[in-house]
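Got chain A sorted already, so can you dock chains B, C and D onto it with the hints?
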Amino acid sequence: MAEFLIETAGLPAWLSWTAIAVLSAVLILNVIAGGALVFIWAERKIAARIQDRLGPTRTGGRFGWLQSLADGIKLLAKEDLMPDGADALLFRIAPYVSFCASFCAFIALPFAFDVVGQRLNVGVFFVVAVLGLEVFGVILAGYASASKWSLFGAMREAAQVVSYEVPLGMCVVVPVMLAGSMDLVTIGEKQAGWGSNWFIFHDPFTFIIFWVYYTCALASVNRAPFDLAEAESELVAGFHTEYSGLRWSFFFMAEYGSMFLVSALAAILFLGAWNGPVPVSQLLGLSDGMAANAPYALRLLGCMNLLLKATVGVLVMMWIRWTLPRLRIDQVMTTCLKYCTPIAAAMFAGVMLWQLFLPGGLVAGSFQNAAGVREGWLEQSNNQESVNEDALSDIVPSRRIVEVSR
Amino acid sequence: MSQILDEDQRIIEFDVRTDEMLVNMGPQHPSTHGVLRLVLRTDGEIVSEMEPHIGYLHRCAEKIGENLTARQWIPYTDRMDYLAAMNMNLGWSLTVEKLLRYQVSEKARHLRILIAELNRIASHLVGMGAYGLDLGTFSPFLYAFREREKILDLLEEVCGARLTYSYITIGGMTADLPPGWLQRCEAFLDQFEPVIREYHTLLTTNAIFVKRTANVGVLSPEMAIDYGCTGPVLRGSGIDIDLRRDGESIYTAMYDGYAFEVAVMKDGHYPRDHEYPAVPQDAVLGDCWHRFFVRMLEVVQSMDLIRQSIDRYSQCKGPLGEPLKLIEKLPKGDAYLETECPKGQMGFYVVGDGTSIPWRVRARSSAFSNLAVAPELCRGCLIADVPSVVGSLDVVMGEIDR
Amino acid sequence: MNHETFGLSTNLFAFLDWHDFFFLLFAGVACVAAVMVVLSDNVVRMALHLVLSLGATAGLFFLAGAEFVGAMQLMIYVGGTLVLLVFGVMLTAQTQLVALRTPAGDRVIAGILAAALLAVLVQAAFSIESWQKPGQGVATAPTATPLGMALVGVRVDQVAEENLVRPKSGYLLPFEIVSVHLLVVLVGAAYLARAKRRRIPRSVDLVASADSTKPRLPVTASSTLVAGGPK
Amino acid sequence: MTFVLCGVVSVSHYLVVGAILFTCGVVCMALKRNALGVLMGIELVLNGANINFVAFGSEYLAGDGKSVLGLDGEVMALFVILLAAAEAAVALAITLNFYNNHATVDVDRADDLHG
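Chains as they are written, first to last, in the numbering used here: chain A, 118 to 523; chain B, 418 to 819; chain C, 157 to 387; chain D, 347 to 461.
Just so you know, not all the hints are guaranteed correct.
What the hints assert, rightly or not - Stretches of chain B that chain A covers, calculated by requiring three or more beta carbons in the stretch to come under 8 Å of a beta carbon on chain A:
| hint | stretch |
| --- | --- |
| 1 | 555-562 |
| 2 | 615-628 |
| 3 | 802-813 |
Calculated directly from the structure, the hints in this document are not laboratory data.
Heads up, the beta-carbon is just placed ideally off N, CA and C, and yes, glycines get one too.
Chain A on its own, in the form it takes in the complex (with noise of 0.2 Å):
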């Protein structure tokens, strides 16, 4: 688009570069901030419903959709109270450290083929370790508050989500290993076509563990029934006891833009990324399914795709917070330490195997397996370098692996 911009509108590069950032950064705030808006509407609405009840049906019209709107003026207006013994400096900033954490991990994350903020070729690595910054800010609201409600929720934040990015980076890796590449596009983009090709489709072993890597989530973004930061009824609020108004919006944000965060994860490295279960414009041969001159309809196509698989898993974890009681902080590090961790391990370990003893999948050829997407990239370097493809092949040792496998 900066492209377009240089050659059709006349600007100089500088300018369009900034214009496209700064539309891409008020892009992914609106996502957030947005986001949270609907997902918090949608949270009353879906507890009240499972609970039997209305909700809010005032604000706003019938459905009461300007509820969470008419809330975000209320806390703006709020009295911002500072406990005495607070740590001023850090009390302020915590909020944002939460948050920033949870806006910066929207940059690498692709929307559709290449509607994403900066594709990086460790995209899937960089999303998983910024959204492990948001602990700071959480930890740091806790010590900063000067309330011993507020430090037991950071002990517990902390010693829960370092323990969980254990499991959760375990899952992870595996369809980063079938797809052969960090980058959440590449990863998205061998899952085109028909639903099948959905990693979680991709053996048993895949859909074991996407269900691991959902449980991880939840309790990397702190919700029920892992919600022990907070845990209203034995912390009072936990690590948020002492915020209130503005700042106190800011930790919402944060937590549903995360909870936001991970279920795209889990859509593009599971599910499908913005590929639909049935290749609509590849069987009206629009567009071979792969980014590059594909129409912007299909793009805004592919986004509302991931959105909505994206709102679905946000949906789930909802419909579990009011389903569930919450579990206790030795259990929450058993169910990591003794289940997650180690299922996640064997799975692992059972992709691998799969990869090695039948890496077309079950029906030949409709997977391509990581090995050739080493390949790949080593002919693309050959190429390049124009080097002599018999000693490749001699030096190379994983190649003999490849082609026996063929």
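Structure of chains B, C and D alone, referenced to chain A:
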């Protein structure tokens, strides 16, 4: 420090020793069921000591009772266990009737059982729903309140109030049932029966719920007796005492001819032919799960009792009988009576001096003794277990502080 | 991203270029935060500044084209190690320990020595001509794949550039050593942090053992009512 | 100054940042009495070194497109990060152990040999 650790068994040491913290849970805390204040001495997440502080709701009810006539004090009993005000009314009325050697009509007797058991269901529903809240699940609370609303509607029809009824009074009731009420009550029972299965799915057999409650806060039968625990707390520990069967004759006479079994867990098995979920493997007799489950059983038991009392009440001919006069003179002498209230054995004591105003009025609260055992149960548990223990005791501060 | 506008335009944005701008931003944050780590007394604030510093360093890594290292830095350092550190701070936090002050004299001496050290290092940094040649700007080609292959023993880059018949062995052995090392550390840390563990006496056990060790709990009036009440 | 601000970023710029971080780390290690503060100093020092590794390993910073270290730079940086994490874990364990025994994290008071 280490010497103290060696001497005192109660102080718990764990992997990484951290600073001890004194934490105030309450008086304004989401899970202390009113204005209860628990002072926790915590070592990280582990509670090494817990001390309940009470008295935030003290209203001098007993002293007020010595300045009012016996019937005028009925509304004050409403405000003790405000979740089961009918049972409180009943307890006080029976005590004064014992002093007066007065016996209510047969019809009033069945009506009392009907109303009191209905209120017992309402009280247990609150206990159950709020227990879900304590454990972090919100929806069962609203499901419980949905059904409770229906009970409150019924009670409102009877006496015009939804919480503080003052319906059962000395010598009978303030009014008879409105026409058509019995049918509505039966309709409610019929639709309520399947709802209980929902509660079992959402809470009793829910894996996380079981994990949070089974083998937590185990109250041994000996300890339960030592601390004077009563009601579902005592029966949850496997002790087969229910004043409706084992109480004083003036009270048990009320239940003459009623078929019911005391809801108590014997050998981990409840001996009735209703459909109940199996006891989970982790659960030990006397833990939070059992206390909770006993309440669930009592709901079913009360439903049976209500059905029976509806039959008997509608068979009774003749008038209900008027309650005694407001200024009925109390004879010289005293009377003490304990009744089986939803929270436990609620005792009232009255001393008459020949005037209509009692010379002494005292109340013995079941929740008070039940709460007293909480520090023992919470010693060495995690912070998250404190709400689950206190919630399973199901205390009402209005009754403790009076 | 061309540098031809450099020096010609008076516009600040064009003058700076985004790559340089972000370098300055990240470098500035990293350095200022590092200095703040030294200057602050409060351990938690030190941790916050350290997070800022290390996070900005990760940004620098991204700018230098080392995306994988940058993400690794974010994940392991900022998300893992520092959370662990703050956790440690909270476990050991007593009010007087959070801020252990350093004598002013020590600070002055340390400041002088640090200035000297810094001077030497900066001088060294600018001492070699070829290091000062400006680079090509923004990273484009991915490095994660060659990095991964190097770790399992295949040096793609060496193959490509020198057309070797036998490549260097890569980093398979160090990789293994590091993994074993990590395992050892895990076990060691768990062992070190373990105090002598004692079974937590539950209240039931206490009552059971109460007969011998402690006087029996006082029997309340109401319990006689229950136990010996009218039948 | 104009060079620092206007010049296109080169290896030297990274080295300066690394140097500042390194120096801060050293001062931190020397000055802080809190054991955790010392630990943070170590992290800073390792990071300063890491910046150098990455800078030397990056093709995009070297003027002629040929980096000094090539891929080795990044691999070394990775190993440093991993070992730093391991070191932090052990050091934290030691600190906690020390705290358990002495009820303080002041390194100046860690002056007796038996734990």
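| said: Tell me whether the statement that chain A covers the stretch 555-562 of chain B is true, taking a Cβ distance below 8 Å and needing three residues at minimum. | reply: With 4 residues in contact (Cβ-Cβ under 8 Å with chain A), the coverage given for the stretch 555-562 of chain B holds.
| query | Are at least 3 residues of the stretch 802-813 of chain B within less than 8 Å of chain A when you compare beta carbons? | reply | As far as the stretch 802-813 of chain B goes, the hint holds, because 3 residues have Cβ atoms under 8 Å from chain A.
| field | Given coverage of the stretch 615-628 of chain B by chain A, tested with a Cβ cutoff of 8 Å and a minimum of 3 residues | value | holds (count 6)
The earlier numbered hints are all upheld by this structure, with none contradicted.
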